[in-house]
Amino acid sequence: AQSVSQHNHHVILSEAASLELGCNYSYGGTVNLFWYVQYPGQHLQLLLKYFSGDPLVKGIKGFEAEFIKSKFSFNLRKPSVQWSDTAEYFCAVNANTNAGKSTFGDGTTLTVKP
Amino acid sequence: GAVVSQHPSWVICKSGTSVKIECRSLDFQATTMFWYRQFPKQSLMLMATSNEGSKATYEQGVEKDKFLINHASLTLSTLTVTSAHPEDSSFYICSARGIGPVEGTDTQYFGPGTRLTVL
Chain H
21 AQSVSQHNHH VILSEAASLE LGCNYSYGGT VNLFWYVQYP GQHLQLLLKY FSGDPLVKGI
81 KGFEAEFIKS KFSFNLRKPS VQWSDTAEYF CAVNANTNAG KSTFGDGTTL TVKP
Chain W
16 GAVVSQHPSW VICKSGTSVK IECRSLDFQA TTMFWYRQFP KQSLMLMATS NEGSKATYEQ
76 GVEKDKFLIN HASLTLSTLT VTSAHPEDSS FYICSARGIG PVEGTDTQYF GPGTRLTVL
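Listed in order, the protein sequences are those of chains H and W. If you're matching positions, the first sequence starts at 21 in the numbering used here and goes up one per residue. If you're matching positions, the second sequence starts at 16 in the numbering used here and goes up one per residue.
No lab work stands behind these hints: they were computed from the structure. Idealized CB from N, CA, C, for every residue including glycine.
Heads up, simulated DSSO-like pairs for lysine-lysine below, C-alpha to C-alpha not over 27 Å straight-line:
no., chain 1, residue 1, chain 2, residue 2
1, H, K91, H, K69
2, H, K121, H, K89
3, H, K81, W, K56
4, H, K121, W, K70
5, W, K79, H, K121
6, H, K133, W, K56
7, W, K56, H, K69
8, H, K121, W, K81
From the structure, some residues in chain W lie toward chain H, with a derived Cβ separation under 10 Å:
no., residue
9, V19
10, T47
11, Q57
12, M60
13, T72
14, E74
15, T122
16, G126
17, G128
Same shape as in the complex, but just chain W (with noise of 0.2 Å):
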């Protein structure tokens, strides 16, 4: 199946600080990219999908100003928590849609996630 990779897999922030995570999709162009948080023993919940050279679209409850979006290319979004806080510590999956090199079809396919922990 297709890769998809984020960077870093986890990081150790102060509060107040800013965390950039990158997802690239390596042997696929992405229409779509979508970002998601995925709280301990829980589901994934989508929080926002961005198309390349447009804004993303934030799901209801997610604020667009602190989880900042840059879907700057077919193969590259960033996800920018800004002035991150305790709360914002999660796990973040990204997760890139198109048509990958074996399937052929268009296909949705998940990043490794990133740990991000706010002290």
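Here chain H stands alone, though its shape is the one from the complex (with noise of 0.2 Å):
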């Protein structure tokens, strides 16, 4: 079975600041993996995804990840944050072989202080 770790429940930063979330995976296989935001008050949203090729993943609004296969896992980054980047993060992950079903973690909420 595949399971996600997200390490930081909780994320403060003052606005200009540098992000990374750490997201590790376990799974043998391969899989394709994923970053989500929820918004506050809003539905999930796909910020970015990896399925092959380049492990440098960028995504919507300046978000980029990087899949360290060796390391199982799938770091969310950005450079600069904005007060409008408070939200809720989710990393997922899903096996090619297991139809689809995307396993999710427990999510990071980041909070930017303006």
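Combine both chains into one complex, guided by the hints.
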């Protein structure tokens, strides 16, 4: 079975600070990896995804994530956060063999202070 | 991106009644639909996976007789919470997987969720 671990439950940053949110997964086979964002009162939106190819993936709103296979990690980064990035961030993984069922991490709440 | 709608967005019902939640993919055909449950301050827990025209596959611990899923077409899936009780109060989110009109790739799109409160 696959599982996802997000190490940071709540991160508080000031505007312009750099962000890195950790995500590790456990699964021995080929996986697809995702980061989703849930703004207050809104539904989940896809930030970025990795299926194959370049392990450094660029997403919307200046976010990027790097897949490091040897570390089973898919950390989310942004060089300079804004107040509007305040949201809940979820890492998710699905294995190619399980019909697309995604397993989600517990989420990280990001609070950006103006 | 593609649009997935849910109806209703919130519902309050009495204990013992049944509630139906609809999930529609508005601008693409969903090969698969997923139903999740999200408790406050927690992550999404997959309840079941359904493909059009076939029975849903439920995750371990999810009662299939309590959470009835019907996937009647490539754009509509429904979740019925039967004989709802206060412990069923939660945020229910559907997700539709298909080839979105803009991305052109097989992607999972999420609905806005339905907040169910059982009194």
